[in-house]
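Novice: Here the protein sequences line up with chains A and B, keeping their order. Just so we're aligned: 447 in UniProt numbering is position 447 of the first sequence, and the numbers increase by one with no gaps anywhere. Just so we're aligned: 570 in UniProt numbering is position 570 of the second sequence, and the numbers increase by one with no gaps anywhere.
A couple of the hints might just be wrong.
Where chains are identical, the list cannot tell them apart; a pair therefore holds if satisfied intra-copy or between any two copies.
Subject to a maximum C-alpha distance of 20 Å in a straight line, what follows is the list of computed EDC-like cross-link-like pairs (lysine to aspartate or glutamate) [said to hold, decoys possible]: (1) 632 - 189; (2) 241 - 555; (3) 632 - 173; (4) 333 - 109; (5) 476 - 189; (6) 632 - 593.
Please keep in mind that the hints were generated in silico from the structure rather than gathered at the bench.
There are 2 protein chains.
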Amino acid sequence: MADRPPARIGYLGSQQDQTNIENLLAQSVTDGYDFVVLPLSKPRLRERIQQQISASAISRLPQASATQLLDSDVNITTLGAATRAWIEPDSKDDLAASISKEILHREIEYASYCGIPHIILPAPKRRHRIVQYAQALKSALGCSTHAQVSVHLPISEEDFQSSPTLEKTIQSDPLSLWEVWNTIRSVCDYHPRLSVALQIPPRLPVNPVVLNRWFTEPIKALVISSNTFLSNAKGFPVLSKTHQLMITRFMALNPFVILQDTDTLERNGGKLSYLQYIRYLHRSIPPSTATERFTAGYQDFLQTPLQPLMDNLESMTYEVFEKDPVKYSLYEKAIHKALSARPKNGLVIVAVVGAGRGPLVTCTLRAARELGRTIELFAIEKNPNAFVTLQRRKAEEWGERVQLVRSDIRSWDPPILVDILISELLGSFGDNELSPECIDGAQRVLNPDRGISIPASYTAHITPIMTPKLYANISKYTAPSPYDTPYVVLLTAFDSLSNETAQIWEFQHPNLSIVPENLKDNVHNRRSGKASFHVGDAGVVHGIAGYFEAVLYGDIELSIRPNSIDKKNKDMISWFPIFFPLKTPIYVPQNCDIQVMFWRETDGRKVWYEWIVEVFMNVTGSDGFMTGRKIKISMSDLHNAGGKGSHIGM
Amino acid sequence: MADRPPARIGYLGSQQDQTNIENLLAQSVTDGYDFVVLPLSKPRLRERIQQQISASAISRLPQASATQLLDSDVNITTLGAATRAWIEPDSKDDLAASISKEILHREIEYASYCGIPHIILPAPKRRHRIVQYAQALKSALGCSTHAQVSVHLPISEEDFQSSPTLEKTIQSDPLSLWEVWNTIRSVCDYHPRLSVALQIPPRLPVNPVVLNRWFTEPIKALVISSNTFLSNAKGFPVLSKTHQLMITRFMALNPFVILQDTDTLERNGGKLSYLQYIRYLHRSIPPSTATERFTAGYQDFLQTPLQPLMDNLESMTYEVFEKDPVKYSLYEKAIHKALSARPKNGLVIVAVVGAGRGPLVTCTLRAARELGRTIELFAIEKNPNAFVTLQRRKAEEWGERVQLVRSDIRSWDPPILVDILISELLGSFGDNELSPECIDGAQRVLNPDRGISIPASYTAHITPIMTPKLYANISKYTAPSPYDTPYVVLLTAFDSLSNETAQIWEFQHPNLSIVPENLKDNVHNRRSGKASFHVGDAGVVHGIAGYFEAVLYGDIELSIRPNSIDKKNKDMISWFPIFFPLKTPIYVPQNCDIQVMFWRETDGRKVWYEWIVEVFMNVTGSDGFMTGRKIKISMSDLHNAGGKGSHIGM
């Protein structure tokens with residue numbers, strides 16, 4: 001609980017509440033609310049404007065005045081504000097639309113002047129005029145420098161009775177309201193102060209795609225009407241189990257909760273019982289797991305991938321990764337198995353390359369002890385700082401069984417050929433921290449007949465994802481090519497567009513076909529791969545999520561691929577996914593194929609990735625079946641061509 | 001003829017020509033060729049590589065060497081080079097593709113080292129691997145800093161016999177080869193050194209869309225095989241009438257002409273007769289018209305629209321526009337008509353607002369003289385420099401009939417109400433030089449009962465266009481928002497995606513509904529408009545072309561809209577179209593609707609345009625008929641939101 005911010009709960013006030021705002025706010029604090037949402041303008045403004053519209057008189061728009069807007073001189077920090085439903089920048093009537101736009105500007109300017117932190121906007125009313133609505137909203141956003149503006153939207157058309165604001169689509173589409181939002185925020189260019197106030201309906205949508213989709217979006221408020229509550233046996237308001245689950249999930253986004261119509265439905269416990277119930281619900285969210293605590297703060301946090309070959313890691317970084325409860329146990333199993341595979345009485349030469357602060361040295365010593373094998377163990381490390389730790393541990397723990405070598409593994413000249421070469425150079429994409437180049441450079445120390453590399457092989461896997469939050473964050477970066485860089489990130493507010501991931505390439509070790517020149521030109525470590533993903537529901541591709549799988553030795557495998565994570569691997573904390581963004585998000589209509597191509601390029605001095613996305617629409621016949629024909633509808637840029645935005649130095 | 005650069009004609013040499021390049025080049029100069037294109041590598045290189053591929057040995061790629069490549073020590077300035085058809089970066093075989101890519105790099109590096117200015121690349125062979133081909137090409141372009149690289153492509157699949165390089169599409173699509181090129185140059189990001197060597201087939205495509213499309217592209221070479229020529233009565237090679245027309249048209253792009261297989265087909269006049277015929281053809285292109293001469297150098301040249309309200313025009317600018325043979329004649333007709341409409345014996349008060357150097361003053365005086373009317377004429381001009389010219393002309397030509405007023409027309413206080421207010425403030429989009437704001441500001445001097453404005457009304461018209469050249473040019477601009485700015489440009493290398501233009505808004509003068517406050521807030525001059533365009537063939541939208549039409553007075557109209565230009569308006573030189581670019585080009589599959597929305601926004605201090613494009617695909621049933629269903633497939637950014645990239649100061 002301690003790691004979760006307190007719930008912020010308020011209610012949607014009515015016209016009448018405007019009369020004495022100071023008293024109202026004082027009462028709401030006493031009642032235990034955190035804020036109140038009130039209409040921004042008073043009924044008189046509407047009257048005046050409607051007169052003008054009916055008279056086709058655009059000559060002069062009413063100015064904000066005390067009689068027309070909220071009072072500005074109350075203590076307003078606990079106040080949200082809602083612009084009025086009669087403001088229709090998407091009106092069919094050009095004059096009404098133009099005036100609405102102007103009023104919207106003035107209301108937001110005024111709210112901003114009053115210091116109101118959060119403004120709720122009514123949903124657009126006309127599906128064919130959403131772009132107009134969005135264009136008006138975009139310019140209105142410029143009228144404030146700080147106010148958060150949320151568009152009040154129902155979850156889906158299934159919830160239409162409760163929010164009859166928008167015309168229905170012809171074919172009822174569970175994502176049609178998300179599509180409305182997607183158009184608005186695209187036109188508004190993923191504006192950082194634009195968000196959604198999501199109306200929680202009495203009946204939640206059946207299709208899980210709908211909630212998953214909203215979960216990726218900037219939900220700044222949940223609006224819950226009293227009629228969404230059930231009555232429990234004692235007549236107190238409660239939410240259904242599915243509502244509880246849904247709200248608990250969305251609480252992770254830390255939204256405001258806005259109660260609506262608490263006066264109109266009579267329940268036991270009075271109108272405050274709704275507030276008390278939501279507070280109770282928030283308190284009863286189960287506490288975080290150990291893994292959740294470890295990863296807290298990393299959700300959707302974009303990190304540049306490590307470059308262990310070029311940079312020296314800090315002790316803290318080693319410390320963090322050594323805590324992984326799963327990874328080193330799997331490594332130890334693999335080492336155990338590899339040692340078992342050697343003749344019982346012979347000496348086994350083992351080298352841990354990139355030993356860091358020594359966790360794999362410990363694993364190896366333990367496995368050898370368990371098996372009663374005699375080993376000679378070399379620990380190679382280039383980082384002079386980590387080497388100090390190794391020296392200390394050798395002196396205090398390991399003794400003469402371990403020989404320390406301070407060297408880049410690619411230039412180490414061992415006194416004897418090695419039987420087992422152990423390394424932990426895998427990145428989130430497998431090869432992205434140059435594991436192939438390092439092991440290639442070290443394999444000349446390996447016994448060519450019987451030498452084993454742990455890991456023995458690894459593969460890179462991809463899937464296209466929707467993640468407006470990461471896109472919006474990257475778009476704020478001022479670096480020259482922020483879209484030509486992969487990021488390591490604990491993907492949280494994202495939606496998989498496909499249920500599948502696809503393997504695009506593999507590396508195997510040792511690679512006996514390479515010749516010495518290859519260590520310079522590195523051409524044998526070039527790869528390219530292509531994968532196609534079927535996407536049933538409409539969405540937006542913001543980039544490609546990348547994962548890896550590795551065979552450490554024999555049947556001991558390691559995977560961060562979401563589909564393959566079993567119970568054991570689940571708590572592995574060493575790797576977050578890697579994310580390859582797209583410069584321009586690509587809209588994908590329903591029933592399309594997303595084709596992704598990846599290249600791993602090298603010029604002998606550095607390694608980089610290039611990626612490109614194409615979208616093809618599957619043509620269905622009038623019978624609704626696919627015809628097999630595909631029409632290309634869009635293509636991304638070729639990202640990071642020539643390594644212009646990112647590379648890994650060899 | 002003098003304004004046209006000389007033709008540059010060469011021929012495609014063969015393997016055998018590589019043996020003594022120095023002699024070969026000397027002979028070709030004697031023969032009258034401007035250059036020779038030779039294969040870059042010798043057959044030995046191919047043998048060696050094919051051995052490697054068959055042995056799956058990627059260990060070491062052959063280095064460029066004297067025995068494998070062209071000699072570098074010949075005088076090579078008249079040499080083009082062709083990489084070999086057996087280089088297949090789009091090979092199905094990963095190893096062959098990777099080696100081809102490496103060879104391509106080395107060949108282009110080597111050609112660049114030799115100073116070869118132009119490299120021809122064989123077309124891709126596999127439709128499903130065009131992106132691979134393009135990715136390889138993009139990195140190869142980085143291997144030279146100056147060489148022009150042309151992809152050798154047939155015009156269309158109809159020409160398949162003559163260039164059997166690429167698999168046919170299932171449904172023969174006349175634009176399928178253009179689609180191949182479009183993918184290549186999109187992946188290569190409109191690279192300035194990437195172009196097309198277009199193969200001219202014996203039978204030209206029937207569909208005019210195909211040639212129009214290629215005409216928009218960077219065609220740097222035309223490749224004409226001897227079998228494309230006919231024999232005339234004397235047995236000499238000639239081209240068909242349609243070929244002549246086509247080549248004459250493409251000569252405007254100033255391409256190299258590369259003759260092919262001139263040895264293999266025996267004609268009268270020998271192999272040089274082809275060269276002589278092309279020289280003859282080039283000489284016989286008809287000389288430019290007066291309008292062409294006037295506009296020479298302006299083709300596809302991007303200009304920032306004039307801001308006559310904020311800037312003072314230079315005398316040369318006036319000079320240029322006063323030369324228009326059509327515009328002032330139409331104005332004079334309109335003035336004539338407006339004067340005729342007034343009672344015969346009364347005095348007519350006329351004001352020319354924004355008189356410049358006085359062309360409309362002269363027109364007005366002439367019309368009044370012809371009609372025998374008495375007028376009092378005010379010439380108002382704010383530009384102090386132009387005013388000097390007006391003063392001189394009053395002294396020398398006009399005398400007391402004309403009163404000069406140095407003032408902004410919006411603050412002129414006339415001694416008497418005006419009957420006819422004449423202005424020439426129309427921009428390419430009608431209102432884009434703030435004609436509405438200026439005339440509004442001046443109309444208070446107009447007699448409210450019978451006052452006439454010339455122009456009386458004007459409308460803005462749009463159509464989406466494809467123009468890769470302009471897109472590529474704008475993409476090089478380093479200004480902060482080059483895509484949020486409209487440009488005035490003589491559109492030349494462009495293709496209309498639709499046959500239609502659509503009107504999006506209108507202004508009428510005088511506008512009697514405005515009140516004094518409007519001159520400050522200007523809200524009445526806000527406009528928005530929406531238009532939908534059906535697009536039959538696949539293409540790319542790079543932006544929106546804008547035009548205007550105006551009613552000067554009565555039935556005297558002025559139009560720069562391409563569909564409405566009659567014989568008279570054709571020679572009007574005062575206005576080029578206006579072009580509103582898109583930040584990211586949008587691919588449009590066949591049978592789509594492009595929906596364009598425009599806004600004219602104002603905050604009382606400035607005026608700006610915003611624009612956005614959406615693409616919808618029309619769903620056809622299995623019977624091939626449209627179902628009426630439309631699926632949104634893409635949307636552009638909202639351009640110039642809030643005027644962030646461009647505005648016109650009031």
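Novice: Compare the structure with each hint and give your call.
Specialist: Against the structure, the hints come out as follows:
1. When the C-alpha separation of residue 632 and residue 189 is checked against a cutoff of 20 Å, the pair qualifies only between copies, where the shortest distance is 18 Å, while the shortest distance within a copy is 25 Å.
2. In this assembly of identical chains, residue 241 and residue 555 lie within 20 Å of each other by CA distance neither inside one copy nor across copies; the values are 42 Å within and 73 Å between.
3. For the identical chains of this complex, residue 632 and residue 173 are inter-copy neighbours only, at 14 Å across copies versus 23 Å inside a copy, given an alpha-carbon limit of 20 Å.
4. In the homo-oligomer, the alpha carbons of residue 333 and residue 109 never lie at most 20 Å apart, since the shortest distance is 64 Å inside one protomer and 50 Å across protomers.
5. In this assembly of identical chains, the alpha carbons of residue 476 and residue 189 lie at most 20 Å apart only when taken from the same copy (11 Å versus 23 Å across copies).
6. For the identical chains of this complex, residue 632 and residue 593 are neighbours both inside a copy (9 Å) and across copies (16 Å), given an alpha-carbon limit of 20 Å.
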